[in-house]
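For this one, chain A is given, so just place chain B on it according to the hints.
What follows is the residue order along each chain.
Number of protein chains: 2
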Amino acid sequence: MGETEIIIEPGKQDIVFKKVFDAPRDIVFRALTDPSLVPSYWGPAEYETTVEVMEPRPGGRWRYLQRGPEGEFGFHGVYHEVTPERIVQTSEFEGAPGHVALETAMLEERDGKTHYTAVSLAGSVEERDAVVASGMEGGARELYDRLETLVEELAKQPA
Amino acid sequence: MGETEIIIEPGKQDIVFKKVFDAPRDIVFRALTDPSLVPSYWGPAEYETTVEVMEPRPGGRWRYLQRGPEGEFGFHGVYHEVTPERIVQTSEFEGAPGHVALETAMLEERDGKTHYTAVSLAGSVEERDAVVASGMEGGARELYDRLETLVEELAKQPA
Chain A
20 MGETEIIIEP
30 GKQDIVFKKV
40 FDAPRDIVFR
50 ALTDPSLVPS
60 YWGPAEYETT
70 VEVMEPRPGG
80 RWRYLQRGPE
90 GEFGFHGVYH
100 EVTPERIVQT
110 SEFEGAPGHV
120 ALETAMLEER
130 DGKTHYTAVS
140 LAGSVEERDA
150 VVASGMEGGA
160 RELYDRLETL
170 VEELAKQPA
Chain B
20 MGETEIIIEP
30 GKQDIVFKKV
40 FDAPRDIVFR
50 ALTDPSLVPS
60 YWGPAEYETT
70 VEVMEPRPGG
80 RWRYLQRGPE
90 GEFGFHGVYH
100 EVTPERIVQT
110 SEFEGAPGHV
120 ALETAMLEER
130 DGKTHYTAVS
140 LAGSVEERDA
150 VVASGMEGGA
160 RELYDRLETL
170 VEELAKQPA
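Chains as they are written, first to last, in the working numbering: chain A, 20 to 178; chain B, 20 to 178.
One chain only, chain A, in its complex shape (with noise of 0.2 Å):
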């Protein structure tokens, strides 16, 4: 596994993820618009996610379900923009409903790999930090393991 770099600076509003996929672009792009593919990677593993709608053009929305021990939560957003290069959404836990955030995934072909960016921005730097205390660090990092697992499958299968 590549390692997740996760960047959280003091006082900043932002949390921002770095990661190489071993694989071109098109397919790291295919991961992450694919409505089929997304409960492979999205959330812990021991969670179940549900895709309840995915419309990943600007003006579509996302809802995912998320189902584990202590019950059913959603998530919901808009797609602002997408294209291979960048997606922009935005994003708010129905858990905490009115704290909505802004997400920019960009993706970078160099070599063959894809140097993947994500920048997480919250509404204030204490929504940011409740984020942070939440415990998100472990759960990302098993995300983008888990997403780096389907590309890699995906970049395996013949075109």
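None of these hints come from the bench; they were simulated from the model.
Any given hint might turn out to be false.
Put simply, identical chains are the same to the list, so a pair is met inside one copy or across any two.
Said to hold, decoys possible - Simulated pairs of lysine to any residue, SDA-like, Cα-Cα distance not exceeding 20 Å:
{"hint": "1", "residue 1": "LYS175", "residue 2": "ASP164"}
{"hint": "2", "residue 1": "LYS175", "residue 2": "SER110"}
{"hint": "3", "residue 1": "LYS132", "residue 2": "LEU162"}
{"hint": "4", "residue 1": "LYS37", "residue 2": "GLY117"}
Leaving out everything else, chain B in the frame of chain A:
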């Protein structure tokens, strides 16, 4: 004209706008969400604003064109949430593509007046400071004064 309070704290990524409108919330909400009313207040008076698309509902898109002495510029985004209490949307100035802001407008009615608070959240402190340096403050005061004029006119009309 009521004062528009603009809060720009050093090192932060957002700009906060506060204004009290002497009208019930449904009138302010109507002014903010009726496409036919937007050109009368959006942007500086010397520019002509055209609403190309405006779908004020979750997943709806918006795009305004502003024509002025320097030519025509587009602004666009998508709506995450639209209720009389809260409008959450993304916003991108097409003259500087790639810089997406998250804009939240909160409307609270007290004693027949509407207390309006808007937060514009930029992708970084540098992006926020560039917006401030561009003379945003004067433009915003003009926008909110024009919006106030419109709201007062709407409030005078028979229901």
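Hint by hint, here is what the structure shows:
1. LYS175 to ASP164: within (17 Å within a copy, 60 Å between copies)
2. LYS175 to SER110: neither (32 Å within a copy, 39 Å between copies)
3. LYS132 to LEU162: For LYS132 and LEU162, the Cα distance is within 20 Å only inside one copy (19 Å; across copies 47 Å).
4. LYS37 to GLY117: So LYS37 and GLY117 pass the 20 Å test across copies only (19 Å; inside, 27 Å).
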